[in-house]
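Trainee: So you can see what is in the structure, the chains are spelled out below.
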Amino acid sequence: MNAPAQPPAAPPWTPRIVAFFCNWCTYTAADLAGVSRLKYAPNVRVIRLMCSGRVDPQFILEALRRGADGVLIGGCHPGDCHYVEGNYKMLRRFGLLQRMLADLGIPPARVRLEWISAAEGERVKAVINDMTRQLQALGPLDLPGKFADWDAEIADLAATLQTESAKEPEATHTWEPPKVLVQPQ
Amino acid sequence: MKFAYFPGCSLKGLGRAYEESLLPVMRHLGLELEELDDWNCCGATAYMAVDEAKACVLAARNLALAERSGRDQLLAPCAACYLVLNKTKHYFHDYPAMKATIDRALAAVDLAYAGDTAVRHPLDVLVNDVGLDAIRQKVVRPLRGLKVATYYGCQLVRPYATFDDPYNPVTMDRLVEALGATVVRYPLKTKCCGGSLTGTVPEAGIRMVYILLNEARKRGADCLATVCPLCQFNLDAYHAQVRSEYGDVIVPTVYFTQLMGLAFGLPEKQLGLHRAAVPLRWRPPVPEVAHA
Amino acid sequence: MVSLKPEIRIGFYVCHCGHNIASMVDCADVAAYVGQLPGVVLARDYKYMCSDPGQELIQKDIAEFGLNRVVVASCSPLLHEHTFRAAVAAGGLNPFLFHMVNIREHASWVHTDRAAATAKAKVLARAAIRRAALARELPQRQIPINPGVLVVGGGIAGIHAALTLAEAGKHVWLIEREASIGGHMAKFDKTFPTLDCAACILTPKMSAVGAHPNITLWSHSDVVQVDGYVGNYTVKVRRRPRYVNEELCTGCQECIGNCIYKEPKFPDEFNEGLGKRKPIHIPFPQATPQVVLIDPQVCLNFKRGVLTDRCKKTCVEACGDRKAIDFTQKEETKEIQVGAIIVATGFKPFDVRRVPQYGYGTYPNVYTALEVERLVNASGPTAGEIVLRDGRRPSAIAIIHCVGSRDKKTNRWCSRVCCMYSMKLAHLLKEHSGAELYNFYIDIRAPGKGYEEFYDKLNEEGVHFIRGRVGEVTDWAMIPEEEGKLVIRVEDTLAGVVRRIPVDMVVLATGLEPHADAQAVRRLFNMSCGTEGFFLERHPKLAPVSTFTDGVYIAGCCQGPRDIPDTVAQAGAAAAEALALIDRGHILQEPNTAHVLADCSGCKSCLPLCPYTAIGFDEATHQAVINEALCKGCGTCVAACPSGSIGQHLFEDDEVFSEIEGLLTADPEPTPALAATP
Amino acid sequence: MPRPKVAFYWCASCGGCEETVVDLAEDILGVVAQVDIVLWPVALDFKYHHLEALADGEIAVTFLNGAIRSTEQESMAQLLRRKSQLLVAYGACAHLGGIPGLANQFGREDILRSNYETAPTVVNEGKTRPQAVTEINGYRPHLPEQHQVVRTLDQVVDVDYFLPGCPPTPELTKAAVAAILSGNLPPKGSVLAPDTALCEACPRRATKPADVKFTEFRRPHRHLLDPQQCFLAQGVVCLGPATRSGCGVQCPGGNMPCTGCFGPTSRVRDQGAKILSSLGANVAGRTAEEIEPTLRGIPDPVGTFYRYALPASLLRRRVDIPHA
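Chain order of the listed sequences is R, A, D and L.
So the first sequence is residues 105 to 289, counted in the working numbering.
So the second sequence is residues 440 to 731, counted in the working numbering.
So the third sequence is residues 565 to 1242, counted in the working numbering.
So the fourth sequence is residues 419 to 742, counted in the working numbering.
One should not assume that every hint holds.
[Stated by the list, open to error] Dumping the calculated SDA-like pairs for lysine to any residue here, alpha-carbon to alpha-carbon at most 25 Å:
| hint | chain 1 | residue 1 | chain 2 | residue 2 |
| --- | --- | --- | --- | --- |
| 1 | A | K657 | D | I1043 |
| 2 | A | K630 | A | V609 |
| 3 | A | K586 | D | T647 |
| 4 | L | K631 | D | H1159 |
| 5 | D | K972 | A | V609 |
| 6 | A | K657 | D | P920 |
[To be verified] So the derived label-pair ranges between C-beta atoms look like this:
| hint | chain 1 | residue 1 | chain 2 | residue 2 | range |
| --- | --- | --- | --- | --- | --- |
| 7 | D | A1144 | R | G183 | 27 to 33 Å |
| 8 | L | D454 | R | D207 | 46 to 52 Å |
| 9 | D | L1106 | A | T601 | 43 to 49 Å |
| 10 | D | P849 | L | D629 | 52 to 58 Å |
| 11 | A | T601 | R | G183 | 28 to 34 Å |
| 12 | L | P562 | R | G183 | 54 to 60 Å |
[Said to hold, decoys possible] For the chain D half of the interface with chain A, some residues (derived, Cβ under 7 Å), not all of them:
| hint | residue |
| --- | --- |
| 13 | Q921 |
| 14 | G925 |
| 15 | N929 |
| 16 | W1040 |
Derived by calculation from the structure, the hints in this document are not laboratory data.
Glycine residues also receive a C-beta, built at the ideal position from the N, C-alpha and C atoms.
Construct the complete structure from the given sequences, taking the supplied hints into account.
Mentor: This is the structure:
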């Protein structure tokens, strides 16, 4: 590769998808897609969990907050869960989570739950491509950027007050739970 | 149930007996047909062969009109119209380029097509929506003794097998049996009727007509029942040519709606049976009045 | 942000996998990028990490550089995680301080843009590095294995597997749905290409099963429930009543001779309905077990399956002192404990009524291949004479290949055996009837030992081969010679003409399909199915008889169409896999179990969520307790604990959070030094 | 030895936290005797310049309650941070954003329009709104401006300790003051309450069966609630399992379910997501059609699960509000 003379223009924006795939069905299906050399968009980054039932809604929010434009959850088809019914538990959370996300301004298309069996490599490809297309149409979610925008009002004020020791808030700063428990006596 | 109704050119012309029998039969079963206002050519026949995109645009205008009429189902009795309208709907959904062409063309005349209207054939509606039980209840003069070869032609179940098997459709068989007639096994039920060959390469077209008529006769059919005006025309109008080539083979060809009308006891004048070159002379027996 | 403790020393390795990864991912660039991440002591790229030198490299580095975490970016962890864990353990590290990144199946093989694939590999590696920093040492747990094996299905696959295991001294329960074992092979006349008699080679094996002290054979039975896990399965088997006591019946069949029905009257399943049987019957002469059974649907002593006691019971009289006939027999459910399961449930022939254009059911002289197997069989309904349903003898016979195979409208797959069995039937039919034989084929597939030679032999015998998919079988005669015949309409694609060929008999070479209840069986054993419904092997090449459930193996046509030699080979392989498992005596359990933290508040939210009832409630401490022996590691309770008081080894919250964070911090640019390299 | 200087301040809050200080009753006298109160606007009249006159770090500890939603609150938080050795976020609003934090579901413009124009009780024909700077009779009075986003205290300045609760109980307050005065301090950043969920202390815990499956969520104002039985066993949403203990189980004691004011345990990053996960997973039903009617019993998931903790949640607020 030759170093370009000019710094290259920023590549066009493409969505970032974090996927949580269950070990037994969807992760295996993604492996099958690979073995079958199916081609799909490179926008997805897969995290392997043992079961879709392990997908803590906190993981989904964390992914969005860290800059994912969409989150894909893949589990076994209803009735096929390796752990009998972990996927039902995910399904039960999912409707409520979608409603809550909608109330917080995140459209349903950004968080998707799909049942993909170990044999459905084609479906992995189709879902990822489809979701990439949908997110492309929705545009960036960019929560880190939004957090920085929101917190600009703090930084601006600090500047006008010239409180030189004022703490600059971190762009993605949120409340972190403290580490130690205290029992009051 | 209310349907938008697309008659197409045939049902206003050579195939008017089809419309004449269809409308009273549907009305008799409580189905309302509302003829599409300002409909145009469906796009079949030569259009489709010359310029597929233009043919689809023609069909799409009718689909758009149907949507504008507020009916979600469009009834197309002519098998050719039925196929082209269905094909256009499929192309619209499957091929973005065709969708763009259609959108552009319709926009030029302030129309739009969303792609939702269901295109239905009356045979499908009668058997699968109305149901054979409801039809049986309306039969007052069962077609007892009439042997019918059901003939579906090429377009009704192919390539879109929307409501029946593409190789061995049986919907009309079940309907005709519900009317009290006997269906003869007719292996040529989806073979070509000759289509436009009767006009362009007559020796081939006439031979096809002969094969269909002859097989029906061999199997003891009193008539052929069709769903398509072109089939009816080909099988009906060329008896003389068949005779001069192959000898006399006389089998009348009727629309399935005409058989329904007969069984329902509708006035014969309404059914257009007289319009055929080789009309069906057979009439269902008048049921005996039960004496106390 | 996770603070990396100073003692974290990660070694990172990116595998080229020959060209598999290296062709689409710049491995050196990935290594250079990861090398600069906090906590990474060294980062290397290497041609084949899973090779011995690759593994030795890791071990040497652990010693030399004091590595205490190892991350390998290569193929799927489902393929090689155990390899690298073992390598790391041999190097002296706890195996669970290893983490794997999948940049082959999930990157190099599925993307087409090298820059994008490389960037993705870096991101995945970065996430793994963050996660690995949090990895904890975990103990490896061993669980003993029950040495018994369940074999489901008594066709040639199940028979061969059961005998192999029994010979090795393992106890086998062989469960068969039909009244006799033997499966489809028992119905075949001859086997291709050697034309040896199927019964002659199969029946000795059937008898061996019946007589083997290590085999418990339960026919006329179904597996209804499977619980437990590898090494420790509890299986419930329903034994349907045959109304004949298996222990007392000697197989003398005097009862059949004395049945109140003097003549056989009911369609005989074994002969595909071409022959007749009585209500009390034995499926076929060599049936195993040699025990008769009564069909309560037609026996006069029952009415629609319900006992009426209205028959004279001449069969009971004939049985006499043996008292084997028992009309009061009830369905029984038995429970057995096994360590491994072999599923060999076979196939279902394609239902030819789905292709109405071939006229099966309309024209009596259209046959399925399996019917013809019985028709040409000397012990079949016509004693091997080719007599058609209408009593005629054929002078021309058509065999239509690929019925329900290689067809988008029915089944897309090639059924693998039809070409060969069609040729076998052509040979046999010609031999038995002297008729002209026409094969209509798409391609002749004869890839086996002696198979192509068999095709040559048939050509020499004068059997006709016409290349073309048959359009229809019709009785529409166009010329006098066709009257009364079945006409094959076909495009002869070699001659380039549409032909009409009149014949007397048509044989449909039906394809092989999964059983109608394959989905239910799959769920029973917690297996996966391909989209077409055949059971899915763990790996198409390297684990062809394993499934995704440990301890459950598959053999024969339930995994996909195959011929007898391949089926037997596969059954042997499945038996060997089961033996290897059992003889190890124990299994190592993945330590991904859930555990309750000290701060559990006792809210009981987790209790109903566990499908294995692994979570109990300690009334003394008022806290949930997890029985790690029962926990299978799904993590559902972990996700649902409202106060975050349940953890999961290998999948702790902080590990997953760090992985998410690693995936999403700003995407890496190409490492500058390397990007500039020409 | 001079007595340590102590400050109390309130930002976006209801005043309830100040009440708690008063609720210390006679115990407050002991505290007052040991400290020198340099700022307590609710009780005593101090001015900004009194505060500004103090040296940096001169105040030993500041208890600040209320969320930060205006420029004045922000600058006071920063000023107090600078002047104090210890800054304690006092109460749910400073800790998690609290009830004012629910405003993060809306944009500032929506809120101002509602409050000054469209609310049914408002008569404001001129649509007058408070202005940051106005010109009146030659004077230019300044008013604080409202932020777009409601924040927890630690999203604006560095916080040493958190006292949770709406409001914190007198007992927790006393314990905290005692710990500070004695110098016996836990690690910085600690929440000064137990790290176990409320059920641990709830007298109803024993009445919860092991197999609660939700087929219906019942809302407390529409049903007569059993005074002894676990609320979840009655099908009533209770945030106790997802909420820190330490409040004295006051709401369940008053026959009302916990609404979560103490916030999550240290092991949880997002209180709402966790209780959603737990309640959701335990709903009966296997298809979306079976599950949905049950979940409809929670008509406002954000308001239910993040009643006190929306600004502290992972998403912080409704994310699609344009700033105006």
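Trainee: Indicate, hint by hint, whether the structure satisfies it.
Mentor: Status of each hint after checking the structure:
1. A:K657 to D:I1043: Holds, because 13 Å separates the two Cα atoms, which is no more than 25 Å.
2. A:K630 to A:V609: Distance of about 14 Å is within 25 Å: holds.
3. A:K586 to D:T647: violated (75 Å)
4. L:K631 to D:H1159: holds (23 Å)
5. D:K972 to A:V609: holds (22 Å)
6. A:K657 to D:P920: holds (22 Å)
7. D:A1144 to R:G183: 27 to 33 Å: The hinted range 27 to 33 Å holds for A1144 (chain D) and G183 (chain R), with Cβ atoms some 31 Å apart.
8. L:D454 to R:D207: 46 to 52 Å: holds (47 Å)
9. D:L1106 to A:T601: 43 to 49 Å: For T601 (chain A) against L1106 (chain D), whose Cβ atoms are near 45 Å apart, the range 43 to 49 Å holds.
10. D:P849 to L:D629: 52 to 58 Å: holds (56 Å)
11. A:T601 to R:G183: 28 to 34 Å: Holds - the Cβ-Cβ distance for T601 (chain A) and G183 (chain R), about 31 Å, lies within 28 to 34 Å.
12. L:P562 to R:G183: 54 to 60 Å: holds (59 Å)
13. Q921: It holds, given that the least Cβ distance between Q921 (chain D) and chain A is near 4 Å, below 7 Å.
14. G925: With a closest approach of 11 Å, the G925 (chain D) hint is violated.
15. N929: violated (15 Å)
16. W1040: Hint on W1040 (chain D): holds, closest Cβ of chain A at ~5 Å, below 7 Å.
Comparing the model with each earlier hint shows violations of hints 3, 14, 15; every other hint is respected.
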